[in-house]
Amino acid sequence: MSDFDYIIVGAGSTGCVLANRLSLDPAKRVLLVEAGPNDSHPYVAIPKGIAKLRLHPTLSWRLPVEAMPGRNQGELWPRGKMIGGTSSLNGMFYIRGQAQDYDDWAKVGVKGWDWAHMSACFQKMENHQLGADELRGAGGPLHVSIPYKENPIDEAIIKAGVEMGLPRKADLNRLDQLGIGYYPINTWRGRRWSAANAFLNPARSRPNLTVRTGVVVDRVLFEGRRAVGVSCRVADERVEFRTRGEVIVCAGTLKSPQLLQLSGIGPAPALQSLGIELVHANAAVGANMREHLSYTVIHKLLGLPGENREYRGIRLAKNVLRYYMLRDGVLSYSTFSSGGFAKTGLEGDRPDIQFFAAPLSWDTSNAKDVVSRVKTAKEPGMTCFAYFLHPESRGSVSLRSANPDDHPVIRPNWLATENDRRAAVAVARFVRDF
Numbered sequence: 001m002s003d004f005d006y007i008i009v010g011a012g013s014t015g016c017v018l019a020n021r022l023s024l025d026p027a028k029r030v031l032l033v034e035a036g037p038n039d040s041h042p043y044v045a046i047p048k049g050i051a052k053l054r055l056h057p058t059l060s061w062r063l064p065v066e067a068m069p070g071r072n073q074g075e076l077w078p079r080g081k082m083i084g085g086t087s088s089l090n091g092m093f094y095i096r097g098q099a100q101d102y103d104d105w106a107k108v109g110v111k112g113w114d115w116a117h118m119s120a121c122f123q124k125m126e127n128h129q130l131g132a133d134e135l136r137g138a139g140g141p142l143h144v145s146i147p148y149k150e151n152p153i154d155e156a157i158i159k160a161g162v163e164m165g166l167p168r169k170a171d172l173n174r175l176d177q178l179g180i181g182y183y184p185i186n187t188w189r190g191r192r193w194s195a196a197n198a199f200l201n202p203a204r205s206r207p208n209l210t211v212r213t214g215v216v217v218d219r220v221l222f223e224g225r226r227a228v229g230v231s232c233r234v235a236d237e238r239v240e241f242r243t244r245g246e247v248i249v250c251a252g253t254l255k256s257p258q259l260l261q262l263s264g265i266g267p268a269p270a271l272q273s274l275g276i277e278l279v280h281a282n283a284a285v286g287a288n289m290r291e292h293l294s295y296t297v298i299h300k301l302l303g304l305p306g307e308n309r310e311y312r313g314i315r316l317a318k319n320v321l322r323y324y325m326l327r328d329g330v331l332s333y334s335t336f337s338s339g340g341f342a343k344t345g346l347e348g349d350r351p352d353i354q355f356f357a358a359p360l361s362w363d364t365s366n367a368k369d370v371v372s373r374v375k376t377a378k379e380p381g382m383t384c385f386a387y388f389l390h391p392e393s394r395g396s397v398s399l400r401s402a403n404p405d406d407h408p409v410i411r412p413n414w415l416a417t418e419n420d421r422r423a424a425v426a427v428a429r430f431v432r433d434f
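Residue numbers (our numbering): 1 to 434.
It is possible that part of the hints are untrue.
With a straight-line Cα cutoff of 25 Å, these simulated DMTMM-like cross-link-like pairs (lysine to aspartate or glutamate) come out [said to hold, decoys possible]:
#: 1; residue 1: 169; residue 2: 392
#: 2; residue 1: 159; residue 2: 171
#: 3; residue 1: 111; residue 2: 328
#: 4; residue 1: 169; residue 2: 103
#: 5; residue 1: 28; residue 2: 328
#: 6; residue 1: 343; residue 2: 310
#: 7; residue 1: 107; residue 2: 328
#: 8; residue 1: 378; residue 2: 310
#: 9; residue 1: 124; residue 2: 103
#: 10; residue 1: 343; residue 2: 66
#: 11; residue 1: 169; residue 2: 349
#: 12; residue 1: 124; residue 2: 163
#: 13; residue 1: 343; residue 2: 223
Each pair of labels, with its calculated beta carbon distance range [said to hold, decoys possible]:
#: 14; residue 1: 320; residue 2: 433; range: 33 to 39 Å
#: 15; residue 1: 64; residue 2: 167; range: 36 to 42 Å
#: 16; residue 1: 152; residue 2: 280; range: 26 to 32 Å
#: 17; residue 1: 202; residue 2: 292; range: 29 to 35 Å
#: 18; residue 1: 312; residue 2: 246; range: 37 to 43 Å
#: 19; residue 1: 274; residue 2: 160; range: 48 to 54 Å
#: 20; residue 1: 160; residue 2: 57; range: 37 to 43 Å
Bear in mind the hints are in silico, worked out from the structure with no lab data behind them. From the three backbone atoms N, C-alpha and C, an ideal C-beta is built for every residue, glycine too.
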C-alpha cells in the first residue's frame with residue numbers, strides 16, 4: 001500500500017486526538033486503523049446503552065482476566081472495539097484527576113505533565129455546562145454535562161454523604177476534590193460525546209486523513225530497528241501499510257503491550273520461548289500495570305420506587321420513546337449519577353477513595369461477574385461501589401501465545417502489598433457505612 005507519514009494503530013481516545021492533530025498539516029498523510037467497526041450502533045449514542053455495550057460481541061473486546069488467589073474464576077474487562085475505543089462504551093464520567101497526581105509525574109521527569117500545563121490543556125478542550133472559570137473551559141470540542149435530575153434517591157444519597165461530613169460540590173473537578181455531588185459526564189443533548197465525536201469527526205473530511213475500520217493489526221513491521229509499517233488482516237485478506245515516518249501504537253493499556261510483544265518488543269526470555277524474533281528487549285513492556293479494585297454493595301429500597309422498574313416492560317418502552325423524541329429521561333444520563341471523593345486516612349488529608357452511587361440495582365441471580373449484569377432487579381434497590389485511588393500493587397499483560405487471535409494474559413495482582421490490603425478494608429468499611 002502507498003506510504004503514509006503516520007500510521008496510528010487504534011481509534012480510541014488517544015488515536016482520535018492524534019489523527020486530528022497530525023492531519024492539521026496538509027502536507028502529512030495520516031492513516032488511522034481500527035480493528036472494530038464505526039460507532040454508528042444506536043447503543044453507542046444512548047448513555048444507558050452501556051449495559052448492552054460492555055459485552056457486545058462486535059463492539060467490545062471482552063478481555064478475560066486471571067482469577068485472584070482464592071477465587072474460582074476471573075472476570076471479563078470490556079474495552080472498546082470500534083471508532084472511539086473505550087470512550088464509546090465507558091461510563092462517560094469526566095474526572096480529570098488530582099493536581100498532585102500530575103505534579104508527582106513531573107517530579108520524576110515527565111516534562112509538561114505538571115498540573116499547571118495540564119490544567120491549561122483541560123480548559124482548552126472543554127465545553128463545560130457550568131461555563132468557564134479559573135479551572136473550567138468553554139467553547140472547546142469536548143462537551144461536559146452535569147446530569148441534574150429530579151430523583152429523590154440521588155438527593156438522599158447526596159444528603160447522606162453530607163451527613164457523613166462530605167461537603168456538597170457543584171463541580172467534582174475542583175482542586176480540593178473531597179466531597180459529594182453529581183458526576184460530570186461527557187454527553188451533549190442527551191447523547192454520548194466520545195473522543196470520536198469531539199476530535200475525530202471534525203477531521204474526517206480532510207483529504208490527507210484516511211480512516212480504515214475492520215483492520216486488525218497483527219504486528220509492527222521493522223527494517224532493522226526502524227518501524228516501517230504494520231501487517232494487518234482485513235476480512236480474510238493479508239494487507240501491509242507502509243510509512244516513511246512513524247508507527248504510533250494507540251491500542252490501549254491492554255492491547256498495546258500485546259501488539260508490541262507480538263512485534264518482538266518486550267521481555268526477551270518470554271518472547272523467545274514463543275518463537276518470536278526479538279527486535280528490542282525491554283522487560284518493562286507489559287509490566288507495572290495498575291488497576292483499581294472496586295467494592296460493591298447493593299441495598300434494597302423501602303418506601304421509594306427507585307429506577308429498576310424504568311428498565312422493564314411498558315415503562316422501558318415509554319422511556320425509549322421519550323428518549324428518541326426528547327433526548328431526556330432515564331436513558332439520557334449515566335448509570336451512576338452521584339458520588340464523589342472521600343479519605344481512608346492512610347494518605348493524610350488527600351482524598352483517596354472514589355465512590356459512585358445509583359438508584360438502581362441488578363439481577364445477580366445468573367451473573368458470573370459484575371460486567372455480566374445487564375438486567376435490573378425486580379425489587380427496588382440502589383448500588384454503591386468504590387475503590388482506592390492509589391494502589392501500590394503492580395500487575396502485568398503478557399502473551400498467551402504467538403497467535404494474535406489469542407487474548408493476552410492479564411494479571412491484575414491486586415492486594416499484593418500490605419498498604420493495599422489496609423486500604424481495601426478501609427474502602428469496604430466506607431461502602432458499608434455509606
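Verification of the hints:
no.: 1; hint: 169 to 392; in the structure: violated, 29 Å
no.: 2; hint: 159 to 171; in the structure: holds, 16 Å
no.: 3; hint: 111 to 328; in the structure: violated, 42 Å
no.: 4; hint: 169 to 103; in the structure: holds, 24 Å
no.: 5; hint: 28 to 328; in the structure: violated, 42 Å
no.: 6; hint: 343 to 310; in the structure: violated, 34 Å
no.: 7; hint: 107 to 328; in the structure: violated, 44 Å
no.: 8; hint: 378 to 310; in the structure: holds, 10 Å
no.: 9; hint: 124 to 103; in the structure: holds, 19 Å
no.: 10; hint: 343 to 66; in the structure: violated, 30 Å
no.: 11; hint: 169 to 349; in the structure: holds, 18 Å
no.: 12; hint: 124 to 163; in the structure: violated, 36 Å
no.: 13; hint: 343 to 223; in the structure: violated, 51 Å
no.: 14; hint: 320 to 433: 33 to 39 Å; in the structure: holds, 37 Å
no.: 15; hint: 64 to 167: 36 to 42 Å; in the structure: holds, 41 Å
no.: 16; hint: 152 to 280: 26 to 32 Å; in the structure: violated, 58 Å
no.: 17; hint: 202 to 292: 29 to 35 Å; in the structure: holds, 32 Å
no.: 18; hint: 312 to 246: 37 to 43 Å; in the structure: violated, 51 Å
no.: 19; hint: 274 to 160: 48 to 54 Å; in the structure: holds, 52 Å
no.: 20; hint: 160 to 57: 37 to 43 Å; in the structure: holds, 39 Å
Checked against the numbered hints above, the structure violates hints 1, 3, 5, 6, 7, 10, 12, 13, 16, 18; every other hint is satisfied.
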